[in-house]
Amino acid sequence: MSLNLFKDKGIPLEKQIFSWKDLIQQPISKLNDDAFTRIRIILMNGLENEASFFSHACARMNRDLQTPLAVIRRVEQHQASLINCLLGPDHNLLETTIAYEQAEIEITAALAQQEMDSYLAQVYRYGMLEDFDHLYRFTSLLDRLEGKDANTILQNYTDIIPGRQTKEEHRDPHDDIKRQYNKDTAEVMTKFHALTILSLEQQTHHFYMNIGQMFSDPTARQLYAEIASTEEQHITQYESMIDTRETWAEKLLIHEANEVYNYYSCVAHESNPRIKAIWERFLDYELGQLQAAMEIFKQEEKRDPAEILPEKISETIPYKSQRTFIRMILKEEINLKVKGKKFITSDAESAWTVKYREQVNNDHSPSEKVSAGYIWKPGTELSM
Amino acid sequence: MNRTGTIISPLDSIKTIKGASELTHPTKGDCTEIGNNRILHMQEAEGIGSISFPISIKGVSEVIHEQIMMGNHAMMDKLGERLVFERMGARLYEALITKYNGTNHQERLPELTRIEQFYLEKLKHFQNVSEVITNMGGDPTALTPAADVIGTATVGWIQVLTDPRTTFLQSLEIMLHLELVDNAGWELMIELAERNGLGDLAIQFQQILDEEAFHLITVKQWVQELTLNNEIISPEQNAVLEFDIDSIIKH
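Residue numbers (our numbering), protein chains in the order written: chain Z, 1 to 384; chain R, 1 to 251.
Where hints are given, some of them may not hold.
To be verified - If the Cβ cut is set under 10 Å, some of the chain R residues that face chain Z in the computed set are: (1) Leu11; (2) Ile17; (3) Ala20; (4) Leu23; (5) Asn36; (6) Asn37; (7) Arg38; (8) Asp148; (9) Gly151; (10) Asp163; (11) Thr167; (12) Thr218; (13) Lys220; (14) Gln224.
To be verified - So the derived list for chain R, only partly shown, Cβ under 10 Å to chain Z, looks like this: (15) Ile14; (16) His25; (17) Lys124.
FYI, nobody ran anything at the bench for these hints, they're computed from the structure.
Virtual Cβ for every residue (Gly too), placed ideally from N, Cα, C.
The shape of chain Z in the complex, shown without the other chains (with noise of 0.2 Å):
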């Protein structure tokens, strides 16, 4: 089974409708439903948000594109309303964290094997041992604050490990640049791949720049910040991966061909039907807005989309556990370290970053003490 890019052209924007009872649809069950269910959720809505946040920024330097963006947007304002609605209220804050966390590891080991580009696969798989250990050390907080166990939420599917320490994740600016793919040559997957990363991070350091300042606890609301800190560095990483030459519509048509790439993705590995049928829903509007933006792709640049589009799509993210694949790679890549846009063994890091470790971590490090001592056990650490 495949998806037509250009065939396929789904639901019309004009007929992209909502209402306010339709954006409030019930919520997933956090004990019986998949937890993977719970990552494309989380993972939709950023994609959703990340079309946003471009959408604007693109606005502001085009006035021509401004009516019909602001077209588009209204729609995808409104799926991320739907989906990140599904989850239920009684994911807390650190249970939802926990589940961001565990989005973040299991997608990046995913597109890891995936992607064709051995740099690029490098960066995936770098930022992932990062992510790794942030699951780690909020563990530790769920289960010594509020006395809850994180496998509730990871049902089994994700390992409670430390993983890069997070103190040591800590690199000067310089550092997080890493290089481009190039636009001409690039696979159209990689494009994907990118952008999809991307636009997780970057849900994941705005969430927890909004809910840091809700905790109590001051070790909770240190460690919020630390990770957010480590997040922006993530964001900062991957944006530079892609291509800075691709055009404003250009890197539109990605945009939404990717979401199509994602819905599809969601559709075919979706456990229960209610949110498959969404998934279905949208994978229609996404189609649609994908047509809207070849016409200004067509308007703009006087080019066929099928120079930067594939005519199908074939490829889906695996939504399973990436367990093995990520033990091999802690074993393995533990004690790599980064220079500037290299991967290195030694430990000769920039003076730069060692300088801004220092400094940053010169008083305690919150990862660390609020994981002194943590061993995950099922049930908490509190049991026999």
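Use these hints to put chain R onto chain Z, whose structure you have.
Structure of chain R alone, referenced to chain Z:
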């Protein structure tokens, strides 16, 4: 099918448990690090805030007048707490009535008129406290520290009552929490009023406590009856609990 435990995924959970045990080499220390950090911040903390400054003081002794004017009097602080608690209690009873109206098989539930009575009494208590604060020269529209703290503590109660997925009984159990705390709160208010030489107020608060005591005993009995009659899980939810071997194998 509930997926939150380890038994539901025997193979995967063994990998997770063994992995954590064999591959975690934590830094030294234990959970007290978080507490120690909190102590450090407690030393720098400036408190939640102050009580609002009374404009004029009526019907209180010189000593209390001075204390209230100093802005740290427990009476005004706790009156503020009672005010927000009773006002929130009224809203929670409204939500309980909504839950009742949206529940099937109402013949199994307590009498609606009794729930409505409790709602009206919470509303009356809120208005009573408001008058007392005003008469003492305080501002019933201001938030006191104790009121703010109780507001933070009870956010979860409101979440449970207003979640369309929760049952009447799950909501009623929250009302039991509310009534337990409410009773203790009024007992303390009576004590405070008496110690401050406000005998008339203590009598007024005792009348409120009598009504609250009836709320508590009644709600407690409802919770017991509904729980013992196995009303915890709706028939629809029971259906989900049926053993699904295909899903487990897939999982």
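Here's how the hints hold up against the structure:
1. Leu11: holds (9 Å)
2. Ile17: holds (6 Å)
3. Ala20: Cβ of alanine 20 of chain R sits 4 Å from chain Z, so the hint holds.
4. Leu23: Because about 5 Å separates leucine 23 of chain R from the closest Cβ in chain Z, which is inside the 10 Å limit, the hint holds.
5. Asn36: Interface hint status for asparagine 36 of chain R: holds (8 Å vs cutoff 10 Å).
6. Asn37: With a minimum Cβ separation of about 5 Å from chain Z (threshold 10 Å), the hint on asparagine 37 of chain R holds.
7. Arg38: holds (6 Å)
8. Asp148: violated (12 Å)
9. Gly151: It is violated, given that the least Cβ distance between glycine 151 of chain R and chain Z is near 13 Å, above 10 Å.
10. Asp163: With a minimum Cβ separation of about 6 Å from chain Z (threshold 10 Å), the hint on aspartate 163 of chain R holds.
11. Thr167: violated (14 Å)
12. Thr218: Violated: closest Cβ of chain Z sits about 28 Å from threonine 218 of chain R, beyond 10 Å.
13. Lys220: Violated - the Cβ of lysine 220 of chain R stays beyond 10 Å from chain Z, reaching only about 25 Å at its closest.
14. Gln224: This hint is violated: glutamine 224 of chain R lies away from chain Z, its Cβ roughly 25 Å from the closest one there, beyond 10 Å.
15. Ile14: Since chain Z brings a Cβ to about 9 Å from isoleucine 14 of chain R, closer than 10 Å, the hint holds.
16. His25: holds (7 Å)
17. Lys124: This interface hint is violated because 31 Å lies over the 10 Å limit.
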